[in-house]
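Colleague: Sequence order for the protein chains is Z and V.
Counting with my numbering, you get residues 1 to 415 for the letters of the first sequence.
Counting with my numbering, you get residues 1001 to 1137 for the letters of the second sequence.
Because the hints were derived from the structure by calculation, they are not lab data.
Check each hint, because a few of them may be wrong.
Said to hold, decoys possible - Under the rule of at most 25 Å between Cα atoms (straight-line distance), these lysine to any residue pairs were calculated in the SDA-like manner:
1. V/1046 to Z/291
2. Z/2 to V/1128
3. Z/28 to V/1078
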Amino acid sequence: MKLTDEEHAMRAGEFGPLRQWAIEHQIKVGNYLGADDFVAVGQAHIMADTESLGASGVAWLEHWAALPHRERQVRIPTITDPRGTDFAQAARLKQQPWMLELERRAIAAFEAFGVLMTNTCINYQTIMPPVRGEHMAYGDTGVVIYSNSVCGARSNFEGGPSALSAGLTGRTPRYGYHLDEARRATLLVELSWTPRELSDWGALGGVVGRLAGDYWQVPALIGIERVPGADEMKHFGAALASFGSVALFHMVGVTPEAMRIDDVIPAGQTLPTHDVGEADLRTLQASYAKDIGAVDVVVFSAPQLSLMEMQSLAAMLDGRHAEIPLLAVTSPQVKPDADRMGLTTRIEAAGGIVLSGMCFYQSYAREMAEANGWRGLATNSAKLANILGGYGYRPVLLSMEQCVAAACAGGKLGR
Amino acid sequence: MSGKIFYASAGMGRKVRARALVASDGFSARYDLDRNRGVFSRAEHKLAGQGYNGRVLVLDAAKGGVATAWMLHEMTARRIMPAALVLNRVNPIMVQGAALADFTMISGFDLDITTAIANGAEVEVDPTAERPFIRLV
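Bound-form chain Z, shown alone (with noise of 0.2 Å):
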């Protein structure tokens, strides 16, 4: 890679160790993606829940937040993704306390680089938007497909590792979906329906990430019929990213960089084509858990839940009561607004217990199943069901509305 002076000071050690460790991995990931120099970020964001960091990654964590001050400073804002807890509920998940004490250890560590603690999956809706042409160092799957697609914004898959690079070197190296030339569409997608409920943006998300199949592919989408919600965007590249590993799509004539079909595939160029309806949905839906007939658990998570989810979350639960436990999983910049508006109070009038800052599936699931005696899980989440079936779950993918009917049924499933 090529590098500038003030990189080329950074490897050598001139800005303290952790600086030198950072651009080191930044250039070792570079050469080996194929990248000749790096491009300066706006933002890095930082998955890292304890679950996936282990203690050998907190301990390493906090052996570099022991160095001065000045030498572990992030450069550029830097924020992060869902904690493994919310301190205030993790009694009543059954959490250990050696995962809450991780989590501290690891919340010390990373407050000592100066990072916001902001513990979100949807800071494009919360925190900051970012703005088409942008680069960033994102570090949630999700938050990167919706900031690429929706914003027009330019970021890789960050791994913790990597976007913490990136918060100390205010850089990152400059491959994959930092080019023009990688954010041409590869696979052309014609929708024959356009879905209405989440869980159903959430499946076609999963049917075009298995169509896609590698974090290389861009789909392009046509025959939408109206323009999607920023919650809909959410599930459908939350579930894309999730089934695909894809970070990047268009929507023709929705997302920025495709507002005529001509923009994203070059002319003359025929790319694979997939036909998708309705019954794809309805058989990757059908294909979760197909003989069970109750769950034990009901979860809204994944992404974390926006105002206007735990608006509609509790409108569906008033004068009804949960027979199970039924969890909505919200950031910690929604939950004061949903504690002010009575969202909060009225969710849990209902039986619902509304927890912050974390993600359930980064928050020690297969623990939690087994002190709970979870193992049916009702969820409206595309992404949620596809990761927790390695977790030990068995996932079932409903509506919103099917996931509240399954909790006040006392988990026995209407379908």
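Given chain Z, work out where chain V should sit, using these hints.
Modeller: Chain V only, in chain Z's frame:
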């Protein structure tokens, strides 16, 4: 087939030799593994129930989210980890994770590497060579 060699477009980490665990399926440490037990735990995965500790994993594409970037480091620290990852296609997360953990990985072949290596075959993976490769031994 002994001695047959397959070149990759990129690699990092150290030279290793071990038995291959092969499937035409994806890889994500969060989605697919029970890292405590060292087995593939996602029921739909073609390697479901199989142990991966000390094996060279030969799989199709990197899948899923960003957690693998930390998890390879965590698996390495606990010494319940594959010997190497050999993938047709990587995503940045695998590269970032391998870079942090000093983990052996190669990727990018002229053919589908999951059809070229037999499950259980003894293989050598050398990411340090001028052209990184996997070789049947």
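Colleague: Next, verify each hint and record whether it holds.
Modeller: Now for the hints, and whether the structure bears them out:
Distance check on the hinted pair: residue 1046 of chain V and residue 291 of chain Z sit about 21 Å apart at the alpha-carbon level, within 25 Å; holds. For the suggested pair residue 2 of chain Z and residue 1128 of chain V, the alpha carbons sit about 22 Å apart, so the restraint of at most 25 Å is met. The suggested pairing of residue 28 of chain Z with residue 1078 of chain V holds, with an alpha-carbon distance near 24 Å, which does not exceed 25 Å.
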